[in-house]
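The whole structure should be built from the sequences, with the hints applied where relevant.
Okay, here's what each chain looks like letter by letter:
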Amino acid sequence: MKFFTKFGQYLLMLKGMFSRPENPKMYWKEFMHQCVEIGIGSLPIVVIISLFLGAVTTVQTAYQLVSPLVPASTIGQIVRDSMILELSPTVVSIVLAGVVGSKIASELGNMRISEQIDALEIMGINTKTYLVLPKILAALLMIPCLITLSAFLGIWGGRTAANMSSIVASDIFDIGLRSNFLPKNVWFALSKAYTFAFIVSSIPAYFGYFVTGGSLEIGRSSTTSVVVSCILILVADYALAALLL
Amino acid sequence: MIEVKNLKKSFGDKTILNDVNLVMETGKSNLIIGSSGSGKTVLLKCIIGLFTPDEGKVVYDGMSMIDASKDEKKELRQQIGMLFQGSALFDSMTVEKNIRFPLDMFTTLTSGEKLKKVNEVLARVNMEGANKKLPSEISGGMKKRVGIARAIVLNPKYLFCDEPNSGLDPQTSLVIDRLIRDITLEYKITTVVVTHDMNSVMEIGDHIFYMYQGRKQWEGSNKEIIRSNDEKLNEFIFASDFLQDAKQMRMMHEEQDKKEPANV
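Chains as they are written, first to last, in the working numbering: chain A, 306 to 550; chain B, 9 to 272.
To be clear, the hints were calculated from the coordinates, so they are not data collected in a lab. Misleading hints may appear alongside valid ones.
As the list claims (entries may be wrong) - Restricting the straight-line Cα-Cα distance to at most 20 Å, the calculated cross-link-like pairs of lysine to aspartate or glutamate (EDC-like) are: (1) B:Lys82 / A:Glu426; (2) B:Lys124 / B:Glu104; (3) B:Lys105 / A:Glu327.
Stated by the list, open to error - Coverage of chain B stretches by chain A, computed from C-beta distances (three or more under 8 Å per stretch; other residues unrestricted): (4) 29-39; (5) 85-94.
Quick reminder that beta carbons are idealized off the backbone N, C-alpha and C, glycines included.
This is how it looks when you write it as structure tokens:
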């Protein structure tokens with residue numbers, strides 16, 4: 306019963322976001338601010354984890370491919386498809402659920418507890434439109450960009466690791482990268498990226514927006530929002546794979 | 009003028025407000041007092057529309073807040089200024105940006121005009137030169153003053169203050185109280201203050217409403233409150249022995265003054 310109450314509250318929050326802005330200029334400013342916070346703010350961690358994901362995938366794939374019948378270029382192919390299909394969208398989104406999600410939940414939670422949301426409401430501002438919508442839109446714009454970048458960096462990281470540790474030469478790795486490429490996989494990765502971006506932004510926004518209590522509850526709701534987001538990302542990951550592949 | 013008519017509010021089984029009727033007059037400081045849990049903050053939140061009452065109405069100069077359309081409500085809210093207990097300043101913005109925010113959102117003034125207006129209200133609350141400071145860099149009393157500046161920057165018709173003196177020393181409390189009183193008179197606005205500070209009551213209480221267990225128990229001016237015979241109100245006002253003694257001394261002096269009028 307409690308689940309349905311919360312789910313209903315979440316849907317009403319999403320519905321409540323769509324209202325006429327009091328001053329579109331201010332909303333645009335807030336949207337751009339969120340794009341910088343989510344996009345540029347998460348860039349360093351995305352770059353680091355992507356490079357290492359690609360590198361580790363290369364080393365581990367090479368370790369498992371012991372048969373001389375399998376060509377070494379297959380490593381490049383496996384790294385490419387792993388990064389595009391699973392590692393970049395899912396792992397990066399899970400990391401972003403921690404980085405971006407906890408920030409959204411704690412920011413909104415703190416605004417709720419310190420009555421800043423009430424102050425905006427009293428001014429006549431629809432706080433769902435002003436505070437929640439720009440975050441979700443910014444996530445929908447920036448997270449797919451980050452995931453695309455992550456796929457490129459992961460593959461490049463894998464290629465560099467292969468070359469540096471003499472697993473496969475770069476030209477052979479490149480042959481693998483080019484063989485049997487399916488453009489459909491990129492669309493699949495982007496579908497995942499948009500779905501996960503929505504989860505990563507809207508779930509923490511819900512937990513932060515409706516927090517009650519004090520600083521302890523802000524921390525608790527931030528943690529819960531990350532846990533719920535991660536679970537939902539994995540469930541959505543399976544659902545999308547089952548539906549689209 | 010704000011009229012509260014037959015207001016009722018419950019949370020679950022617990023009734024917080026029970027048939028509350030108040031009339032808050034324009035140009036006066038209307039104080040809602042009462043001990044913790046008496047329902048004064050819930051009453052304030054119902055009046056400003058943060059809570060929807062179960063029954064009853066809140067009427068702002070003839071316009072019912074509850075029956076108003078979405079657009080009317082938005083318009084009405086732009087005529088409301090509010091000072092929160094914790095000031096509710098936006099942490100990431102400087103003092104200037106905090107005060108400028110309502111101007112940016114609701115007016116088409118130029119940047120220069122907005123800055124002029126910000127400086128005007130900052131001067132009004134004696135905070136000149138604090139434009140570039142962050143809320144974390146100023147004291148509690150200063151935060152309250154910035155909160156008042158933000159509340160009055162759009163020239164509101166109604167000013168609400170939720171426990172404006174909480175966490176402040178008596179001297180700073182007095183400054184805030186006098187500021188609220190002066191602004192009420194200067195801007196001719198309807199001011200509603202929720203407090204349990206008896207100093208505020210005596211300093212600015214033009215009209216006082218005493219809440220007890222979700223009901224309005226007593227109403228009157230700060231001159232009348234000291235002579236009230238209401239048992240519950242007296243229990244609240246004269247909670248300490250010191251205040252009991254002060255009351256007795258005050259009564260004694262007043263009786264003495266009556267017997268021996270001062271030489272003019």
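Item checked: 20 Å limit on alpha-carbon distance, applied to hinted pair lysine 105 of chain B and glutamate 327 of chain A -> holds, 18 Å
Item checked: Cβ contact check, 8 Å cutoff: the stretch 29-39 of chain B against chain A, three residues minimum -> It is violated, with 0 qualifying residues against the three required.
Next item on the list: Decide if the proposed pair is consistent with the structure: lysine 124 of chain B and glutamate 104 of chain B, CA atoms, cutoff 20 Å inclusive.
Entry: Given pair lysine 124 of chain B, glutamate 104 of chain B holds - Cα atoms ~11 Å apart, limit 20 Å.
Next item on the list: Measure nothing beyond the straight line between the CA atoms of lysine 82 of chain B and glutamate 426 of chain A; if it is 20 Å or shorter, mark the hint as holding.
Entry: With Cα atoms ~9 Å apart, lysine 82 of chain B and glutamate 426 of chain A stay inside 20 Å; holds.
Check: Under a C-beta cut-off of less than 8 Å, do 3 or more residues of the stretch 85-94 of chain B approach chain A closely enough to confirm the stated coverage?
Finding: holds (count 7)
The structure shown violates just one earlier hint, number 4.
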